[in-house]
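This is what each chain is made of:
Number of protein chains: 2
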Amino acid sequence: MKAKVYITLKQGVHDVQGEAVLGTLKHMGFKGVDDVRVGKYIELRLDDLSRSQAETRVKAMCEKLLANTVIESYSFEVIDQ
Amino acid sequence: MKAKVYITLKQGVHDVQGEAVLGTLKHMGFKGVDDVRVGKYIELRLDDLSRSQAETRVKAMCEKLLANTVIESYSFEVIDQ
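Residue numbers (my numbering), protein chains in the order written: chain A, 1 to 81; chain B, 101 to 181.
There may be inaccurate statements among the hints.
Cross-link-like lysine to aspartate or glutamate pairs, in silico, EDC-like; alpha carbons within 20 Å at most [said to hold, decoys possible]:
| id | chain 1 | residue 1 | chain 2 | residue 2 |
| --- | --- | --- | --- | --- |
| 1 | B | LYS126 | A | ASP35 |
| 2 | A | LYS31 | B | ASP135 |
| 3 | B | LYS104 | A | ASP35 |
Footprint (simulated), chain A over chain B, 3 or more residues, beta carbon under 8 Å [what the hints assert, rightly or not]:
| id | region |
| --- | --- |
| 4 | 147-159 |
| 5 | 172-180 |
Since the hints were derived computationally from the structure, they do not count as laboratory data.
Glycine included, every Cβ here is placed at the ideal spot set by N, Cα and C.
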């Protein structure tokens, strides 16, 4: 079983890295990009667990380690793979 | 229109950050995690473009800036939003 975790800065938190990427894209001639937000994408391979066990565990990992919930939001999906 | 870009290290490329996260999860008592891979998740907000234009543009951005294609793979999805 595999979990895919997406971590993004919360709305309103200044995204310096995203701004830098946006600036560079414009500088390179890519028009039509309004905003860039840079976050983290984490893949976890999990031992055999039920889906609900896996979801509970991944949620706890996000809350306790993977995301800084003061400034970051997270979402995840658990897939059979 | 919005693009969600997922960038991961290619298989076989040593993921030091993923190893550190795995070690910490184990140390914190999270059992049943076999592997962790840490990548990037980038959201781009795009001006009004057709879907195929947006896809072509995002692919070019990935190839030229967002991903280091020597060691990283990327995938993306374009969504109406």
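These are the hints, each one checked on the structure:
This hinted pair does not check out: LYS126(B) and ASP35(A) have alpha carbons roughly 37 Å apart, beyond 20 Å. For the hint pairing LYS31(A) with ASP135(B), the CA-to-CA distance comes to about 39 Å; that exceeds 20 Å, so the pair is violated. A C-alpha spacing of about 12 Å is found between LYS104(B) and ASP35(A), which places the hinted pair at or below 20 Å, so the restraint holds. Counting residues of the region 147-159 of chain B whose beta carbon lies closer than 8 Å to any beta carbon of chain A gives 3, which meets the minimum of three for the stated coverage.
For a cut-off of 8 Å, the count of residues in the region 172-180 of chain B with a CB near a CB of chain A stands at 0, and the three-residue condition is violated.
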